[in-house]
Amino acid sequence: MAKVTGMTGDHAIAYAAKQCDVDVIAAYPITPQTIIVERFSDYVANGEVKTEYVCVESEHSAMSACVGASTTGARVFTATSSQGLALMHEILYIASSLRCPIVMAVVNRALSAPINIHCDHSDMMGSRDCGWIQLYCENGQEAYDQTIQTFKIAEDPDILLPVTVNLDGFITSHCMEGINILPDEDVKTFLPPRKAVYKLDPTNPITIGALCFTDYYFEIKAQQEEAMTKVSAKVKEVAEEFGKITGRSYGLIETFGLEDAEVAIMCLGSTAGTARVVAEKLKKAGKPVGVIKVRLFRPFPSREIVEAVKGLKALTILDRVATSGAPSGPLCSDVKTALYAETEKPLITNVIYGLGGRDMSPLNLEKIFNDTLKTASVGKIDRPIGYLGVRE
Amino acid sequence: MSEKEKPGSKSLPIGGILVKPGSSTEYKTGDWRAFRPCVDEKKCTGCLICWIYCPDSAISRKPPVVTINYEFCKGCGICSTECPVKAITMMEEGA
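Chains as they are written, first to last, in my numbering: chain A, 1 to 392; chain B, 1 to 95.
Simulated from the structure, these hints should not be mistaken for lab results.
Yeah, the Cβ is synthetic: ideal placement off N, Cα and C, and Gly gets one too.
One or more of the hints may lead you astray.
As the list claims (entries may be wrong) - Cut-off 27 Å, straight-line C-alpha distance, at most; resulting in silico cross-link-like pairs (DSS-like, lysine-lysine):
#1 A:188 x A:221
#2 B:74 x B:86
#3 B:10 x A:195
#4 A:234 x B:10
#5 A:284 x A:336
#6 A:221 x B:86
#7 A:221 x B:74
#8 A:188 x A:230
#9 A:310 x A:287
#10 B:10 x A:230
#11 B:20 x A:199
Claimed, not checked - Cβ-Cβ distance ranges computed for the label pairs, FRET-style:
#12 A:4 x B:7: 49 to 57 Å
#13 B:77 x A:325: 21 to 29 Å
#14 B:34 x A:38: 54 to 62 Å
#15 B:60 x A:112: 56 to 64 Å
#16 A:53 x B:4: 26 to 34 Å
#17 A:341 x B:7: 48 to 56 Å
#18 B:94 x A:229: 25 to 33 Å
#19 B:13 x A:53: 42 to 50 Å
#20 A:2 x B:25: 56 to 64 Å
#21 A:5 x B:6: 51 to 59 Å
#22 B:19 x A:307: 55 to 63 Å
#23 B:92 x A:215: 25 to 33 Å
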């Protein structure tokens, strides 16, 4: 029987990793991720897991140790945030290119400077082309569920790509929620031990990470792309299987109230929950609004998004990151690219919000819904890109 | 190997992994060489100092003299410098 336990988002992820019987964890503490590796070190110290816990001197070393461990066929987990992810940057590419199915929780936090420990997505978005599968979670339950599903996606012989499970710093990582916890046996049945396709083994030597020049590099990159194209179907398949034991279902995107909506807000992470509450209130007042939450960011679910926005007159896309000098935020840019070939598409406004953890309140969202409704009725975009609540 | 003969993304092992050990012998690196060491068999005493010094193991013992494997020799010239009887001369490739 599943039980409900009060846990923070970070704690829920550590608990999920414990149930997934991780062989190796190499990590370095950084706020707001620290609770994950702290909790996990408790499990190791208490003898609750057989995991090899590698204490390293930096995130660069953490990810390097994870790559090394993964090439021996081990199930590997780590977690980081912000500057830590930035320090891992070069090894992130090596992990994905060497096809190491590492799972990493990224507790999204603003990048310095000015130094700030609170939530925005600039850490992960700065490494969004590193070849990792990237999923964004709305709450602690989703973070728990996603962590368990993610090992199965990453380690599938057709995929063999690393995955980041993203959750909003403090908002989700430190918020105490009632989390539905699966019994250990159920997780064990759902997720058998990893079976590596290739691994470092003294009795059957292979070389991993050899030099590869102009004559083969492109082909190796093409293989990675080929694996990425199979990810969406695998995420759905694993979610379906997970849904059978938990009753909780997850798609690549999640929509709310789109059936009769003329306008919608699209976002990643915890903001989706607030947007849904506001949308519900506005719908009751007769306003045709809806919400689109993007869960899988890499590979980008273009087809699902094209289908979801069909019939919408106006759409506001929220980006919790400042991509300085870019034509729009990363989510907005990708959605616009996905919609380029469509003849009918909504008027799209981009709102940059919540940098450095600034709160996205229900009132803010209500105003954004109303502005989007205005765009739809006027039939013209007032400001293609705006910054929410910045003082001048 | 021509471009068409080379394996492509579908047939190569994933991630650039080399699944068979010892494949570096198939990678002929001697064509980097600008200067070629030439052994004067009349001078060579077979002392094997060059064989010890060669950083690429490109010199083989064939008593009473040594021979150089030009598929791997990169022409660094250490053998020529170390030879106590000056039996190895560096000759410019293509000259």
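Consistency of the hints with the structure:
The straight-line distance between the Cα atoms of residue 188 of chain A and residue 221 of chain A is roughly 33 Å, outside the 27 Å bound, and the hint therefore fails. The suggested pairing of residue 74 of chain B with residue 86 of chain B holds, with an alpha-carbon distance near 19 Å, which does not exceed 27 Å. Note on residue 10 of chain B and residue 195 of chain A: the hinted pairing holds, with a Cα-Cα distance of about 21 Å set against a maximum of 27 Å. Straight-line distance between C-alpha atoms of residue 234 of chain A and residue 10 of chain B comes to about 20 Å, which keeps the hinted pair within the 27 Å bound.
A threshold of 27 Å between alpha carbons decides the hint, and for residue 284 of chain A with residue 336 of chain A the separation of about 30 Å lies outside it, so the pair is violated. For a cut-off of 27 Å, the pair hint linking residue 221 of chain A to residue 86 of chain B is broken: about 50 Å separates their Cα positions. Taking the CA atoms of residue 221 of chain A and residue 74 of chain B, the gap is about 31 Å. The hint is violated against a cut of 27 Å. Between residue 188 of chain A and residue 230 of chain A, the direct Cα distance comes to roughly 25 Å. Compliance with the 27 Å bound is thereby established for this hinted pair.
Among the hinted pairs, residue 310 of chain A with residue 287 of chain A is consistent with the structure: their alpha-carbon atoms are about 18 Å apart, no more than 27 Å. With a C-alpha separation of about 14 Å, the suggested pairing of residue 10 of chain B with residue 230 of chain A holds against the 27 Å cut-off. For the hint linking residue 20 of chain B to residue 199 of chain A, the alpha-carbon distance of about 12 Å falls within 27 Å, and the restraint holds. The supplied range of 49 to 57 Å is met by residue 4 of chain A and residue 7 of chain B, whose beta-carbon atoms lie about 53 Å from each other.
Taken as a hint, the range 21 to 29 Å is violated for the pair residue 77 of chain B and residue 325 of chain A, whose Cβ atoms sit roughly 51 Å apart. With their beta carbons about 58 Å apart, residue 34 of chain B and residue 38 of chain A fall inside the hinted range of 54 to 62 Å. Our hint of 56 to 64 Å for residue 60 of chain B and residue 112 of chain A holds, since their Cβ atoms are close to 58 Å apart. Under the hint 26 to 34 Å, the C-beta atoms of residue 53 of chain A and residue 4 of chain B, about 50 Å apart, miss the expected range.
Take residue 341 of chain A and residue 7 of chain B: their Cβ atoms lie about 34 Å apart, and the range 48 to 56 Å is violated. The hinted range of 25 to 33 Å is not satisfied by residue 94 of chain B and residue 229 of chain A, whose Cβ atoms lie roughly 48 Å apart. Between residue 13 of chain B and residue 53 of chain A the Cβ separation comes to about 31 Å, which falls outside the hinted range of 42 to 50 Å. Between residue 2 of chain A and residue 25 of chain B the beta carbon distance is about 57 Å. The supplied range of 56 to 64 Å therefore holds.
The supplied range of 51 to 59 Å is met by residue 5 of chain A and residue 6 of chain B, whose beta-carbon atoms lie about 55 Å from each other. The supplied range of 55 to 63 Å is broken by residue 19 of chain B and residue 307 of chain A, whose beta-carbon atoms lie about 41 Å from each other. The beta-carbon spacing between residue 92 of chain B and residue 215 of chain A, approximately 28 Å, falls within the hinted interval of 25 to 33 Å.
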